[in-house]
Amino acid sequence: MTQRSNLGSSRLAPTALTITTAVIATFLVVPLVVLVVGQVQWSDISRVIARAATWRVVWFSTWQAVLSVAATFVIAMPVTWLIGRHEFRGRRVLRAICTVGFLLPSVVVGAAFLAVLPRSLHYSVLAVVLAHAYFNVAVVVRVVGARLETFDPRLSQAAYVLGATPLRAITTLAWPLSRGAVMSASGVVFLYCFTSYAVVRVLGGPTRNTMESDIALRAFGIGDVSGATVLACMQVVIIVLVVASLQRSAGREATHLRLSTIRITSLPSSKRPVAIAVAVAMTLFVMVPLASVFWRSVRVGDSFSLAAWRATFGRTLVDAVAASTRIALLTGLLGVLLAALASLGIVRARVGGQVLDAISVVPLALSPVTLGLGLIVTFDSSWYDWRADWWFVAVAHTLVAFPLVTRVLVPAWRAIPRRLSDAAAVLGAGELRRFVDVDLRILHRALVAGLGLAVAVSLGEFGAATLLSRRGAETMPVTIARLLERTGDAVRAQAFALSSLLIVFCIAALLAVESALGKGPHAERH
Amino acid sequence: MRRRRSTGLLAVTLLAAAVLAATLLAAACAGSDEEANVAASTTLDEARQAPVTLRLLAHDSFTPTEGIFAAFTEQTGITVEILRSGDAGTLVTKAVLAAGSPEGDVLWGLDNTLLSRALDADVFVPYVSVHRGDLDPAAVALAAQGEVTPVDSGDVCINYDKAWFAERKVTPPLTLQALASSTYRNLLVVPNPVSSSPGLAFMLASIAEFGEEWQQWWKTMRDNNVLIVESWSDAYYGHFTAASEGTRPLVVSYATSPPAEVLFADPRPSEAPTSVAALTCFRQYEFAGILRGTKFEREARLLIDFLVSRTFQEDLPLTQFVWPINRTATVPKEFLDYSLRPENPLTIPPSTIAQQRATWLDEFSDIMLRS
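Sequence lines, in order, name chains E and C. So the first sequence is numbered by the numbering used here: it starts at 1 and just counts up by one. So the second sequence is numbered by the numbering used here: it starts at 1001 and just counts up by one.
Please note that a few of the clues may not be correct.
Pulled from the structure, derived: some chain C residues nowhere near chain E, Cβ distances all over 10 Å [stated by the list, open to error]: (1) 1164; (2) 1186; (3) 1223; (4) 1279; (5) 1298; (6) 1301; (7) 1327.
Some chain C residues near chain E, calculated using beta-carbon distances under 8 Å [unchecked claim]: (8) 1055; (9) 1084; (10) 1085; (11) 1086; (12) 1092; (13) 1094; (14) 1097; (15) 1101; (16) 1103; (17) 1192; (18) 1228; (19) 1233; (20) 1238; (21) 1264; (22) 1369.
Cβ-Cβ distance ranges computed for the label pairs, FRET-style [as the list claims (entries may be wrong)]: (23) 1295/C to 508/E: 42 to 48 Å; (24) 36/E to 1213/C: 39 to 45 Å; (25) 319/E to 1186/C: 39 to 45 Å.
No wet-lab data here; the hints were simulated from the structure. Given the structure is predicted, the values throughout are model-derived calculations rather than measurements. The C-beta atom is built at its ideal place from N, Cα and C for all residues, glycine as well.
One chain only, chain C, in its complex shape (with noise of 0.2 Å):
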């Protein structure tokens, strides 16, 4: 009885397995066969009659408010699928491999760090947005052909706990300058450059600040004992006083951690546990834009003057943190009352970026991360 039941469970495994390797067969198969295209063809008609779907590509920090494109769906019919993948770091390497025949139809969240090695690589269709004449014209700037479009903006600065300074009546520091000074020694935590996108901002910042002397000011730094970490979370909540068991009350992160630190509190403080060193920060502009290769050009563009709208602007600050770049969209009061936003930020042009970003990265390497 057990070795006839047994016997028969075997058998509808291999069967099981049979139809399953006849499958994968006809897939390995399938791979060098150009003839199957027929069947192809049909469904890509198909799929052009349906109801188009456009696929939004975007980085894993790409977080806007659940249903918030029912809006664009309602008005033109298209409806927005997102794909999220790595950091964005990761999805620029990926789009840059993919051009041409891309992974979905519009882009999102391409920063000025990281944005000439798309444009380089002839990632993006160009289109002007109607909106443009509404957004911050220093961001439009960056891309004068409408390659892509900016969407936010954010800063990387220090951030300091502010308790800890209190409690020990020391001042905290106020420039790059003054982070070198031997009073604060052992407090700083910097995310690595090579890895992280904030680390990479502060780098640049310490480039727009010294020039030439960046590598000196750093050799300093290191003197003094910085701490470079892997990733931003690591230096964040692994470290900084204020988030963490960390020992080191000096971090870079966003000038909208404070906000996020008491919106996202469970129960909210009256005011941030921490501030932000307003001359030490680094303009972040993100950018969207419509893939070569896309089959729904016209589309795409409807997403891109949606995601620049007042609709979809005024959802970011909440959702992500970042400051909307359409100058008519109303910010809401509780991110305004705990953000800052710094006057002058430190910048470097993309173009410059792009040709010395590796060269830099090497040498940063080489001052701080020598073990």
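Bound-form chain E, shown alone (with noise of 0.2 Å):
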């Protein structure tokens, strides 16, 4: 502990927290607390808190992201094992397709769903947690998968020399090592499950509802914005206990643990077939409910044609298209600088990281309809008017996937051995040098993937994107749930031609990140 506070005391850290404070406080605080002053009535909370429909949606939202989490898990554990662990051909082209469903339009997905789920299944909450894992597969991938990699397979070769058993080894070894990751995980699944609005709405129809979709509801259908302000507050408070007790529970893992960097091995020929079986059922799940909507692309009534597809070259479409590209690349490198900032903080400042680790979960918590209203409430006149510039849409975005982002850079950082950076300041390094020669340089690979879900978040957002104007072009999953609310098969196929065109998109940009992964500077490092 002196050791560590000699050496790693930190003048970058206090400015980092100070910087990313300042960003939330702005965008995120600010315009709660106008929206909650502007709007509550003292009232309301009583009301709102003694309705016994509040509860019954407390309720559903909470049980029904448990079911979420347990269903994710269950669904991604094995090809994030295969991934995590292993060298193999297609490893990349596996990681993208898991990822693809995280970047969808939630309506999209919902209208998939609708179209491969039997009759019988919809409006269920099967139907509900099979789609949330949908999307969340590749949170667990991500997330747990890339905590696998820094596994140094010495450590359970070890193991298995000195006579463990492959159950010994797990639970000596590889959960007290992924534990963190897997908390960290299932806390960003379960905060998707508990605040999912569209998938909700769309596959657990009308009886269904969650807070999130609560608060939409009283917002915009009835019009008690008090109301769906007071449910908003609720919905974050819950949260952030939620969170707390996780991050309690995950404990200081890993800190004091010795990973090396990046060791993962060549798959054995042995567990070939097991991974060939995990492949294929994975791109299954992935793809079957991706080549319903191409399907769909190509159906208007009952004949095959391409109308769809001509009229997606038209300009609104390609602008749609543009403003997405726009938006989730300012997304990316917004995202990906505040996260990096912010878990500059939380890892190395010694006052205030760990609540800064705290308030970055708020906005996972802070719904995409609350944050646009505070928006909408606050930057609402003279110079500070950005509600209809379109990087605004991107700073929203940026507040809903930072914290992802963040949940991606800190354990990494937090697993880079502090004896690198040491040893550094002993031979002389400064502070900004350390960072960027030792903290950078085996960051390199967590940065890129958390670039890839900043991307991921912004190009599949919906909830916040349709609330603020739009100048100009809207983003794809706007365009698309526009274009399946209007009357006609020729248009509903445009929407979905669209969508397949979103995929198609989605899945160019994975695989262009994960080469550039594969080219980095560390790839062969030894």
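With the hints as a guide, dock the two chains, each given alone in a separate frame, to form the complex.
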């Protein structure tokens, strides 16, 4: 501890902490406060709390989220193990496939699931849980997988040499090492499912509401912004409590564990059949709904038609692609930057790191709907009336994405052996030099993974994007949702054509990120 | 070699990061810095000298022919920028939140089920259009002070699958009362009134029809196994036999859905596969208004005039499947051919809707939406 504080005392960390806090305060806390102060009447607080419907909604949000987390892990663990521990041909492709679901706008996935699932399962909890798993497999693969990659296989080899059974190797090595990442991923998946909106509305039917969908219904359907804001605040409190307890149970894991950087082994031929089975099952799980989207894009009525695809290359739709790309790239940049600063603060700052750790989850807890409403009432006049500026959507997306990116960076950062930085300090490297040459170099992979996630969140995000007015072009998910609401087979086929394009687009972007990773300076690290 | 290149890359990344951080920090600090207003007022002055661009806020279903505002720009020198955001409910909620410092200058797409919410919040500046005399008086009367101007109308009705009923030799239901009969058990799908504008209109239709008895009617409908789904598109494209693999030949939709079925189909059928039960219709009017707080009130008035002028009104039927509100506008023949215009639609005064809507929706939810 004393040694740490001597060498690790950091001037960068407090700066990072300050910047992150300022950004969160400006674009998150202030809008929420403005919304609460301006809209909520005191009497509404007791009215909302006293209403039986409120607690039904809280209860439903909770148990369906717990169920969804379990389902996500059951479905994701085999493929995470495969990807996280082994090198094989097509590994990157498989990882990209796992991530695709996460990128898709929930309206599209909802429609795809309705098309694929048998009718008896429409409007069921099972449909909701499956769709949640579909989205969130990516979170487990990315967060837990990234952690598995940093295992030193020599540890388990040593364990086996010393006579450990596979079970014992898992309980004494794999689990303690991955526990933090598992908890982290569970937390994120829980939050996403707890605050799920479109999936619950499309697949759960009108009788099932999460807090999030109830907030939207109150605010827009009934026009009770005050009641909706009270609900939103309750949601923040509940989620912060849940995350705090998760964090407590995760403990201060792994900071002292010796991990080498990236060392995965090639797939032994004995495991090949299992690997193929896992890869095929996963690919089917992801691809079948996607295929149905494509199928619907070429079907108009009962016949085949490419009319929708021809229309896709018209101006409105090309504009949507351009707008999505622009916003997603800016989100990626801002998201990674903000998350890197936040992680630096969380990992290195002696004071305030833990507080920031808790605060960094708040954007996840705050519904995009509430965030959107808050931004609208706050940035509403004179020079800071940014409501119709295109980049404002990216700012909202950054807030939505950055907690997730932070969850990727923090464990990776914590896993960096302190000795390296200390050694550099002893050798005379300054703070900035250590940060650049030690931390950033090791974090490179996690940063690129985080960039991918931020871009992904932005590409698929619908709630905040639809709420902020669009000047000129709108993003692809918004265009898709708008087309889906219109009459006529031909128009709907266009929505599905655009969805197919979004899918292709996402896969391409993912592959690009994956191959950039492969060619990076750390690929041949020894 | 490799090492040097990667350090360079990292340095560049870091530099970019630092610049961005500085920008963000500046933006963050600026949030609380009132003095920066100097720069802002200059931009405002510049904006005033430049040709005016009006921002027209609209819901997602606002889809006029591209370039239709070119005529307006030619006449007045004013350009129009459309800002769409969400459905009509979202639009109103946002307008109410931003009352006084609006996101745009003119708002399109408030309907009579939502109108009072905006009027109570004093969202609009009154203006009486020069075309007022040509507009449907029933619609004009709903905003008698000229707070908003009616722009179009449409009806929400029971639609049915003609082939389904013909094959089974069953008569389609003609009234709401008939729907409660066991003949139509398991046949109707309705979008949720809490989240869907046609759903709300249909609930209001039942209240207009049955008065105090409306809840009783819904209880009968519940026992008759009516299906409530989240949105209009879920109902129409998820369950309606004429438009999906679904099993429900009756759906709540628009009176203009049959022409849309014909005109958007490829190839076009000779007659619509669906039809409308005229006695079940609830009339919706849409309004446009000048947002209080706009800097361009004079220009906004010209835009309101343009929106109810014949040029714009005649574009509405085939792009948005609504009827023009301007009685001098010509409705395209192909639209007339397949459309039904109910003569005595059900309706409820906006002020009554405003007072009761939240209560009605809660009562509806208690009957129909308890799992």
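(Q) Please check whether residue 1238/C passes as an interface residue: C-beta within 8 Å of a C-beta belonging to chain E. (A) holds (6 Å)
**Q.** Given hint residue 1097/C near chain E, where the shortest CB pair must fall under 8 Å
**A.** Holds. Min distance 5 Å.
Q: Closer than 8 Å between Cβ atoms is the bar; does residue 1192/C clear it against chain E? Give me holds or violated.
A: holds (4 Å)
Q: Classify the hint on residue 1103/C as holds or violated, based on whether any CB of chain E lies nearer than 8 Å to its CB.
A: This hint holds: residue 1103/C lies near chain E, its Cβ roughly 5 Å from the closest one there, short of 8 Å.
Q | Exclusion check [residue 1279/C not at the chain E interface, CB over 10 Å] | A | Nearest chain E Cβ is 22 Å from residue 1279/C, so the label holds.
(Q) Quick check on a hinted range of 39 to 45 Å for residue 319/E and residue 1186/C, using CB atoms only. (A) holds (44 Å)
Q | Interface hint for residue 1101/C, Cβ within 8 Å of any Cβ on chain E | A | holds (4 Å)
Q.
Less than 8 Å between beta-carbons is the criterion; does residue 1228/C satisfy it with respect to chain E?
A. holds (5 Å)
Q: Beyond 10 Å from every chain E Cβ: check whether that's true for residue 1164/C.
A: Holds, since 16 Å exceeds 10 Å.
(Q) Can you verify the interface hint for residue 1084/C: is its Cβ closer than 8 Å to any Cβ in chain E? (A) holds (6 Å)
Q: Against chain E, does residue 1186/C hold up as non-interface, every C-beta pair farther apart than 10 Å?
A: holds (13 Å)
Q) In this structure, is the beta-carbon distance linking residue 36/E and residue 1213/C contained in 39 to 45 Å? A) Given about 41 Å between the Cβ atoms, the range holds.
Checked against the numbered hints above, the structure violates none of them.
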